[in-house]
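*Asks:* The primary structure of each chain is shown beneath.
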Amino acid sequence: MKKFTKALLGVGVVLASTTLLTACGNSSSSSSKSGTTTVTIWADDPNFTVPNMKTAVKMYNAEHKNSGVKFKVQTQGDYVTKLQTVLSAGKQSSFPNIVTIEDYNAQKMLSSYTKYFNTNSDINLNNFSGYKKNIVTYQGKTYGVPFDSGVSALYYRKDIFAKYGVKAKDLNNITWDQFIKLAEKVKKGSGKEILGTGTLLGQDPDMIRQILQSTGNWYFTKSGKLNVNSTAFKETIKTIKKLNDAGVIKGYSDFNSRNKAVFNGNDLAIVEGAWYLPTIKSDKNMKGKWGVATVPRVAGVKGAVNSTNEGGSSLYALNTGNAKADKAAKEFLKTMYDGNSKFYAKVLKDQAAITTYKPAKKNKEWKQTDPFVGQKVNQYFATNMNKIPAVSYGIHSVELETVFQSNLGNYYSGKTSLNSTINKIQSAYKTQVNSN
Amino acid sequence: MTSKVSSFFKYLFIIICSFISVFPFIWMIIGSTNSSSQIIAGKMSFGDQFMNNWHHTFAQTAVVQDFWNSLKIAVLVTVLSIIVSALAAYGFQIYRSRGKNWIYSIFIASMMIPFSVLMIPLYRMMTNFGLVNNAWAVVLPSILSVFLIFFFHQSLETFPIDTIESARIDGANELKIFWSVVLPQLRSTFAAAAIYSFMGAWNNYMWPLIVLQSDDQKTLPLLISGLSATTNFSIDYGIIMVLIIISTIPIFVIFLFLQKYFVQGMTGANKG
Amino acid sequence: MNGVNERTNRIGWWFIGLSIIGFVVFMLYPILNSVKLVFSSISGDSSTFVGFGNFVRLFHDNVFWSSLGNSFLFLIVEVPIMLIFAIVLAVVLNSKKLKLRGFWRLLIFLPCVTSLVSYSVLFKMLFSSDGLINTFLMNTLHVISAPIPWLTDPVMAKVVIILALLWRWTGYNMIFFLAGLQNVSEEIYEAAEIDGASKVQQFLHITLPALRPIILFTAVQSTISTLQLFDEPMNITAGGPNNSSMTIAMYIYNVSFKFVPNFGYAASLSYVVMFIILILSLIQMKVAKNDD
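Protein chains in written order, with the numbering used here: chain A, 1 to 436; chain B, 1001 to 1272; chain C, 2001 to 2292.
These are computed hints drawn from the structure, not numbers from a lab.
Glycine residues also receive a C-beta, built at the ideal position from the N, C-alpha and C atoms.
One thing to keep in mind: the hints can contain errors.
[Said to hold, decoys possible] A few chain B residues that don't get close to chain C, going by computed Cβ distances all over 10 Å:
| no. | residue |
| --- | --- |
| 1 | Met1044 |
| 2 | Gly1171 |
| 3 | Ser1188 |
[Claimed, not checked] When the alpha-carbon atoms are kept at most 25 Å apart in a straight line, the in silico DMTMM-like pairs for lysine to aspartate or glutamate are as follows:
| no. | chain 1 | residue 1 | chain 2 | residue 2 |
| --- | --- | --- | --- | --- |
| 4 | C | Lys2258 | A | Glu193 |
| 5 | C | Lys2158 | A | Glu365 |
| 6 | B | Lys1010 | C | Asp2130 |
| 7 | C | Lys2158 | A | Glu401 |
| 8 | B | Lys1010 | C | Glu2187 |
| 9 | A | Lys70 | B | Asp1215 |
| 10 | A | Lys91 | B | Asp1216 |
| 11 | A | Lys54 | B | Asp1048 |
| 12 | A | Lys187 | C | Asp2130 |
| 13 | A | Lys238 | C | Asp2153 |
| 14 | B | Lys1043 | A | Asp254 |
| 15 | A | Lys415 | C | Glu2193 |
| 16 | B | Lys1100 | C | Glu2006 |
| 17 | A | Lys281 | C | Asp2130 |
| 18 | C | Lys2158 | A | Glu399 |
| 19 | B | Lys1004 | C | Glu2006 |
| 20 | B | Lys1043 | A | Glu193 |
| 21 | A | Lys324 | B | Asp1215 |
| 22 | A | Lys284 | B | Asp1048 |
| 23 | A | Lys281 | B | Asp1048 |
| 24 | A | Lys72 | B | Asp1215 |
| 25 | B | Lys1004 | C | Glu2193 |
| 26 | C | Lys2258 | A | Asp254 |
| 27 | A | Lys188 | C | Asp2130 |
| 28 | A | Lys260 | C | Asp2130 |
| 29 | A | Lys58 | B | Asp1215 |
| 30 | A | Lys250 | C | Glu2190 |
| 31 | A | Lys242 | C | Asp2153 |
This is chain A alone, in the form it adopts within the complex:
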């Protein structure tokens, strides 16, 4: 027993002293370089935003050799939780200088922590797709730099669709009703699932978001009032119910199950943002089998278009109290993300990053034919991006989507009527966001 305790204690003491030493080492190394300014960048996705930011830092450093600024790109898991904890604690010195924020979350963060965000009036928002403006501005001031777009597309198995007589031109610029007819034909012939969603149907916000935004509306009015009792919202969920009744939509329990169905050929179509294409392309055997078409539009809503969006993010500079670092962060964002087309060409190639920066689209990379799909996919994204109706995502989208989860499933399966569903959503939302 004694031996064991002593051994444990021994290990503990050794480790304790090494940790102390390394801890001291760390602090002294960061303070000794007081001449340089450190700009810390937080990014959420180790396969996308992180390499993207690292590319930006590398190119920036090459052009600004003696700037005296050191950039650190850090990945953070459970990004939103972490960012919110750090902001809520309110210790500005512990803030990162630059953060990425998903567009649906942006207004919530900007309104909750306004004073911790730095305005960035140097950014010329006219350089970016118009729909991004509502996202990165708050109370008339520009806070963020628009980054990638979630411009949507209908990805479909053109080999199988063609087998049942559905050609590319049949799918472009059509309505959902027309799509259902075509999809039924393919479903009947092939016996496979047609439209796959990444979560169960009643839980899935992606389809609702995409259809609703294509009508130029959102869950809320511009002034933030709940807008689910509108024609646009009703037509949106009616469309999904129609798809479900026709058996041409399938909700998978998670993204992986859907990917699996896509890879093994059980799922023939996906409506999702531009970011989904790399997943499809990751299966090399599928080369030439997938096509890209426009997203169908809702017939019953005036002004509905065949362009919409799912996802995408923007970059924000935080107010850390260190004037030098804050200034360096803003300059970095302006130089790289609002002014460097070469950078955007590189990240398009490396991470398939679809930017909303318009001047970048003049480069030849945007006009090339994608060998996997056999279409000018990037050009499709670039043109459609500018047609996405601008809406305000507001600050309570997540709350409302949680309310959807306990109500829409019953509507889709026919257990509740449209009107009672809307009523239930309205009253549940009211308790959910009750601000006392």
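Once you've looked at the hints, dock chains B and C against the given chain A.
*Replies:* The following block gives chains B and C in isolation, referenced to the frame of chain A:
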């Protein structure tokens, strides 16, 4: 005859339970020999990607450094929390007084507070101490483990007080009694506490996530969750399987090591 | 323990000293810091005093009640099954006659070496509609003809989470019982054997009473952790389908981090959970005492 039947059922029960316990691990090991897309497709046979997956893991992730970070934190927490908790439990149980009983009750009640309540004040405190992004920010709050105090307190409940009394009569001082009379008797308790404490620190996720920020401070659970958090682009499940295996090995080893003390305890060596 | 005199009593405080410092700094201070949140509605960095408004609000909050209900369901179904299994396994694995005892113990304990995040990921893959479990039941055992919608059916989703919890935590609790059994002397069993007591009688009259403090301890511990259940439903079912597996801890998380952050309301919800746990633990301790 009946004893044969009962021992047959005993073994059958153990074998079934063990199989259920171990199955996901077998599956994990099989997974580490397959490619990411094969893992997603549910392939249930050994493949030839084992070396590839290990190679990718070491080439693409900072697994060695993160392993060291995890180990450093887990060992420190285990040693320090066991010392502090055993002392405290002994103090509460053997030197009972009204005041100490009160404090003990308050300790126990604090176990019921969800961590989410403490997270933001604690984070603020760590920034004041200048400990954000430092392993000590993870270690310090974990040293006080009410759970361990409770655990030691419970096992001291059946401790023969006479042994202590007679040591006192022999003139031993209180710390010496604790060290050489009480400690040796609690061998299996210490072993269980060590396993518990190490496991908790090793798998700790939420708090390290918040306070450890730069890549060179990260622990294994942060590495794993960071890699599997990606929803949009392809996740390399081969790497994840390898990382889960790597993160499993230390606790496996600790258990094997401390298991001996259970067995020793059972031979009756610690019965006075 | 009335015999403790003034001097030894004071020495006792020295033993507790370190833990009190730790408690004050890392528990008490943050708790006091959070108490004031309970009376505020906080939206990001702006805070308004609302008195007991947060508690009035949670009274009308359906999501709160349904997630509390889910948490209780997990508690009532899972904890007793798990503890019974853990005791039986501990007794069997404590038997001297059992061959390869250490080996079996290791296997049963193995699940708790996995981190919560990784085992949840594994279970999700195992129970997906075309996952291994369904394939096994359909193609190997032929007991079902269509895949069971494990993750997509409100009842089945709960079943999967309970199975996951049983898998992960039974071995963990077994360790405590096993440790507890070491303090039961062999002689008592030998004496009982001579008196002609059956194995079942020995179990009921010697083993169970000896394990009572451990049973209480594991029961309280499981109650606390089950009511704070988060990682498993978050990673296996994400609370779905239709919020049917959402726990109270997940709801608190949503209020703090997914919704417009209202740490005041989140803190109030947390204190309600704490209060419930406190009452349940007191009842459990009371029941354990009355059995004396």
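*Asks:* Look at each hint and say if it fits the structure.
*Replies:* Results of checking the hints against the structure:
With a cut of 10 Å on Cβ distances, methionine 1044 of chain B falls inside the contact zone with chain C, its closest approach being about 7 Å. Look at glycine 1171 of chain B: its CB is around 14 Å from the nearest CB on chain C, clear of 10 Å, so calling it non-interface holds up. Not every C-beta of chain C lies more than 10 Å from that of serine 1188 of chain B, the closest at about 5 Å, which undercuts listing it as non-interface. With a C-alpha separation of about 32 Å, the suggested pair lysine 2258 of chain C and glutamate 193 of chain A falls outside the 25 Å cut-off, and the hint is violated.
Simply put, lysine 2158 of chain C and glutamate 365 of chain A have alpha-carbon atoms about 50 Å apart, too far for the 25 Å limit, and the pair is violated. Distance restraint check for lysine 1010 of chain B and aspartate 2130 of chain C: the Cα-Cα separation of roughly 34 Å exceeds the 25 Å cut-off, and the hinted pair is therefore not satisfied. Of the supplied pair hints, the one linking lysine 2158 of chain C and glutamate 401 of chain A holds, its CA atoms being roughly 22 Å apart against a limit of 25 Å. Among the hinted pairs, lysine 1010 of chain B with glutamate 2187 of chain C is consistent with the structure: their alpha-carbon atoms are about 23 Å apart, no more than 25 Å.
Distance check on the hinted pair: lysine 70 of chain A and aspartate 1215 of chain B sit about 16 Å apart at the alpha-carbon level, within 25 Å; holds. Under the criterion of a C-alpha separation no larger than 25 Å, the hint pairing lysine 91 of chain A with aspartate 1216 of chain B is consistent with the structure, at around 22 Å. Of the pairs offered as hints, the one joining lysine 54 of chain A and aspartate 1048 of chain B is violated, with about 33 Å between alpha carbons and a cut-off of 25 Å exceeded. Distance restraint check for lysine 187 of chain A and aspartate 2130 of chain C: the Cα-Cα separation of roughly 20 Å lies within the 25 Å cut-off, and the hinted pair is therefore satisfied.
Distance hint between lysine 238 of chain A and aspartate 2153 of chain C is fulfilled; the C-alpha atoms sit about 23 Å from each other, no more than 25 Å. Distance hint between lysine 1043 of chain B and aspartate 254 of chain A is fulfilled; the C-alpha atoms sit about 19 Å from each other, no more than 25 Å. Only pairs whose Cα atoms come within 25 Å are accepted, and lysine 415 of chain A paired with glutamate 2193 of chain C is rejected, the gap being roughly 63 Å. Of the supplied pair hints, the one linking lysine 1100 of chain B and glutamate 2006 of chain C holds, its CA atoms being roughly 13 Å apart against a limit of 25 Å.
A distance of roughly 23 Å separates the Cα atoms of lysine 281 of chain A and aspartate 2130 of chain C; the hinted pair therefore holds under the 25 Å criterion. This hinted pair checks out: lysine 2158 of chain C and glutamate 399 of chain A have alpha carbons roughly 23 Å apart, not beyond 25 Å. For the hint pairing lysine 1004 of chain B with glutamate 2006 of chain C, the CA-to-CA distance comes to about 59 Å; that exceeds 25 Å, so the pair is violated. The suggested pairing of lysine 1043 of chain B with glutamate 193 of chain A holds, with an alpha-carbon distance near 22 Å, which does not exceed 25 Å.
Distance restraint check for lysine 324 of chain A and aspartate 1215 of chain B: the Cα-Cα separation of roughly 24 Å lies within the 25 Å cut-off, and the hinted pair is therefore satisfied. For the suggested pair lysine 284 of chain A and aspartate 1048 of chain B, the alpha carbons sit about 19 Å apart, so the restraint of at most 25 Å is met. With a C-alpha separation of about 24 Å, the suggested pair lysine 281 of chain A and aspartate 1048 of chain B falls inside the 25 Å cut-off, and the hint holds. Taking the CA atoms of lysine 72 of chain A and aspartate 1215 of chain B, the gap is near 10 Å; set against the 25 Å cutoff, the hint holds.
Between lysine 1004 of chain B and glutamate 2193 of chain C the CA atoms are separated by roughly 18 Å; this keeps the pair inside 25 Å, and the hint holds. Straight-line distance between C-alpha atoms of lysine 2258 of chain C and aspartate 254 of chain A comes to about 19 Å, which keeps the hinted pair within the 25 Å bound. At most 25 Å may separate the alpha-carbon atoms for a hinted pair to count; lysine 188 of chain A and aspartate 2130 of chain C meet this at roughly 22 Å. Annotation: proposed proximity of lysine 260 of chain A to aspartate 2130 of chain C holds, straight-line Cα distance about 10 Å (limit 25 Å).
With a CA separation close to 18 Å, the supplied pair lysine 58 of chain A and aspartate 1215 of chain B stays within the 25 Å bound. As the CA atoms of lysine 250 of chain A and glutamate 2190 of chain C are separated by approximately 64 Å, the hinted pair breaks the 25 Å bound. Among the hinted pairs, lysine 242 of chain A with aspartate 2153 of chain C is consistent with the structure: their alpha-carbon atoms are about 22 Å apart, no more than 25 Å.
In summary, the structure is inconsistent with hints 1, 3, 4, 5, 6, 11, 15, 19 and 30 from the numbered list given earlier, while agreeing with the others.
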